[in-house]
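Residue numbers (the working numbering), protein chains in the order written: chain A, 1 to 237; chain B, 1001 to 1156; chain C, 2001 to 2172.
It is worth saying that the hints were derived from the structure and are not from the lab. Take the hints with a grain of salt, since some may be wrong.
Within a straight-line C-alpha distance of at most 27 Å, the following computed BS3-like cross-link-like pairs (lysine-lysine) qualify [claimed, not checked]:
no., chain 1, residue 1, chain 2, residue 2
1, B, Lys1046, C, Lys2011
2, C, Lys2002, C, Lys2157
3, A, Lys192, B, Lys1114
4, B, Lys1114, A, Lys149
5, C, Lys2002, B, Lys1046
6, B, Lys1028, A, Lys184
7, C, Lys2049, B, Lys1046
8, A, Lys111, A, Lys154
9, A, Lys194, B, Lys1114
10, A, Lys192, A, Lys149
11, C, Lys2088, B, Lys1036
12, A, Lys192, A, Lys154
13, B, Lys1036, C, Lys2011
14, B, Lys1046, C, Lys2124
Computed far set for chain A versus chain B, every beta-carbon distance over 10 Å [claimed, not checked]:
no., residue
15, Tyr27
16, Asp53
17, Gln94
18, Thr107
19, Tyr118
20, Asp135
21, Cys150
22, Asp157
23, Gly165
24, Thr218
25, Glu220
Below, a sample of chain B positions facing chain A; criterion: calculated Cβ distance under 8 Å [what the hints assert, rightly or not]:
no., residue
26, Asn1115
27, Gly1120
28, Ser1122
29, Val1124
30, Asp1131
31, Pro1132
The C-beta atom is built at its ideal place from N, Cα and C for all residues, glycine as well.
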Amino acid sequence: MSSTAGPGSGTTSSSEEAPDILDTQSYVNAASLQFLLQELVPTSIRVSHKLADTNTLLSLADKDETSTIDKPLSSIPNDLPGTVNVLDLAALDQDDVSLRVEAYGYTLGLKLAELLLYKNTRFAGTGGPGSKIVDILDIMKFVCRDVWKCLYNKQMDNLRTNHRGTFVLVDNNYKLISSLSSPKGIHDTVSKAKVHLWFPCGIIRGILKSFGVDGNVTAEITQFPVVTFNIYTSINN
Amino acid sequence: MIHSFFIFDRHCNCIYSREYTNGDAINKTNDSDTAKLLFGILYSLKNISGKLAHTNDDSGFAPSNNTLKSFTLGTYRAHYLESMTGLKFILVSDTHIDNLQPVLWELYSTHYLKNVVHNGLSPVEFLAENDPYSKISNHNFIVQSDAYIQSLPVYR
Amino acid sequence: MKLYSIYILNKAGGLIYQNNLDPSLNRLTANDYLVLAGTLHGVHAIAAKLTPTIVGKDSTSTTSGTDPTANNALLLSTGKVQNSNTNKTGLGSIETDLFNLYVFQSLTGIKFILITSPNPILQKQHEQASETFRHLYVLYSDYVMKDPFYSLDMPIKSQLFDLKVGELAALV
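Kindly generate the complete structure, drawing on both the sequences and the hints.
Given below as structure tokens:
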């Protein structure tokens, strides 16, 4: 999401050392990535739709033609390339659609944590940047700071906790949804944006899991595009 | 003075129309089929300008067509910009306004790209007349393009 | 401003005179020129229908200035018309990268079409074009209308008219 996928910290490592994985990452076009992420929800809906319809499943199995502008992407009415009618399907709110989107994020979170922590561990020993992660609050800070920095080139704007395992993370301008605007008004925008939010929820849950923390993450939009992530863990601190 | 603003997609459909001087109608379909007539004129004139002259470059590429920039209809001037992807932007002003090409370019490069292309809830292929997604009607695009056009010195 | 071409269309949209003064434009086939004339005539008619509605006004509110009967009344009472150009609602001009095209329609429905070099300062060029149209209309009256061998609405083959148009173009 960040237009300049962080070129890493500018530490002076000795030349014999292999370059850091995060230091060698190439710049990624932010717009392309954003478009790709916007396809998550429609794709998930199409998958659910196909799974629900056994007839199309059979007929689509042997179909491998390239898509053209007038060929529907699925059996959903008016689901042509470049259109957004698929988002109006009732399936938008179905659990399996949300679960699938969340699962994409979960996998990403598990892998991302590994990358970021690898770096963290290395520098922690040499007195470089990086911090020891000792309790659940440190993990949350890690999500707010390092993970969000890596994904969106910004930090979370607010972190609150009740010290009984519940955390609230607030991003005042969440990049994945900030450019969304439905022709049907703000209510429609919010309800459609909510489905997209299962992706970052999955990412956070994946990160937590890689620390061995089982949690439950939900997101809500109070005032568009402010997104509040509510994290419930069983850990008391 | 700027009177109205139209966008046509590459399938010849009017995907946005906005009137500034007479009411504030947005995407109003009127009985006189203004958009269709305008498109008809545009199409013919584009043909004529391409046919009568074209730029020949010696680099071996196909001759690029002469581009239509504006035309006058009675006391109005229609300014025209077509993107490489076939989107057509038209601003209708009084005849004494010479050149609105930079304005059309801004509407395309900033407002259209930001609020339609980057907007995951807005289609980029617009469907036929009776579909809810046949026009650009998202709030951000309307508000921001209005604010931009109304801030121009030539607006009043 | 440089004149590229001059066309004259009769009231049915037929091309009755064409003079390509400058080789800057593409040469088309004779048939293509006829199609071009027909297209311009058609576009002019559509434009006249569109002009009152393009800014969202009712078609009845803006026609007062262009009503032909009002023009005729003026002609009868004063003996002259303020402006011989009736082109108040139709297509007036086209501006492109490589040329500008101007349309002038007389009260009788004859269309004079000028194709000129492009000029970014449109207003000034517009005035120059109007001036040229006036001269052209005079030439048309003098050397075509007064030619006893010319039959109305037919192609103009007068060499004298050709000569005079050439002189006019050299002056512009």
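What hint numbers does the structure not satisfy? Violated: none.
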